[in-house]
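Chemist: Sequence:
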Amino acid sequence: MNKLNWKKAIIAGIIGTILFDIVGFLFTGQWWDIPGLLGQKTGLGFVYGIFGHYGNGILLAILYTAIAPHLWGPYWVRPLIFVTAETIALVWLFMLPLLGAGVAGINQSPMTPVVTLLRHFAFALPLIFWVNQEFINLPKQAKAAA
0 MNKLNWKKAI IAGIIGTILF DIVGFLFTGQ WWDIPGLLGQ KTGLGFVYGI
50 FGHYGNGILL AILYTAIAPH LWGPYWVRPL IFVTAETIAL VWLFMLPLLG
100 AGVAGINQSP MTPVVTLLRH FAFALPLIFW VNQEFINLPK QAKAAA
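All the letters of the sequence shown, read from the start, carry residue numbers 0 to 145 under numbering that gives the first Met the number 0.
No lab work stands behind these hints, which were simulated from the structure alone. Quantities reported herein were computed from a predicted structural model and do not represent experimental measurements. Careful, some of the hints might be misleading.
[As the list claims (entries may be wrong)] DEER-style ranges, computed between Cβ atoms:
1. G72 <-> K2: 17 to 25 Å
2. Q132 <-> V46: 31 to 39 Å
3. P96 <-> I10: 26 to 34 Å
4. F45 <-> N106: 21 to 29 Å
5. G54 <-> A84: 30 to 38 Å
For every residue, glycine included, the Cβ atom is placed at its ideal position computed from N, Cα and C.
All chains should be built: construct the whole structure from the sequences, respecting the hints.
Modeler: Written out as structure tokens, the structure reads:
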């Protein structure tokens, strides 16, 4: 059984969330739109929204890092499957309807489902190129130890 690399997961979560925000800025023209929305909807303010947003990104990266060795498919596909499932279940079917934007945010804009998925694909990049390196190298390390 492999141990979770907490440091790598936390850093990947922060980098992934920054990439998520960059893609969001490119599409919406607003920086930190999600933290602003979180702070507004909870009534706890913008600073809470930032911590909540980045905390969520870190939590998702930790979750991915813990379950990645047990997912199927090539290593570069696993993060894409993970973020797609997370986007559909937690964003399209839970968060956006809760915010009054309808399923997948379709009441807000026909582009909302596309933008949310692309933002999460950007989040997956450090999971693909950095976190997964640990799993890719496992067979080589196991052979060397044998």
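Chemist: Would you mind marking each hint as holding or not holding in the structure?
Modeler: Hint-by-hint comparison with the structure:
1. Checked against the hint of 17 to 25 Å, the pair G72 and K2 passes, with Cβ atoms roughly 23 Å apart.
2. Between Q132 and V46 the beta carbon distance is about 34 Å. The supplied range of 31 to 39 Å therefore holds.
3. Restraint check, P96 to I10: a C-beta distance of roughly 32 Å satisfies the suggested window 26 to 34 Å.
4. Our hint of 21 to 29 Å for F45 and N106 holds, since their Cβ atoms are close to 25 Å apart.
5. Taking the beta carbon of each, G54 and A84 are about 20 Å apart, not inside 30 to 38 Å as hinted.
Of the numbered hints stated above, the single one contradicted by the structure is hint 5.
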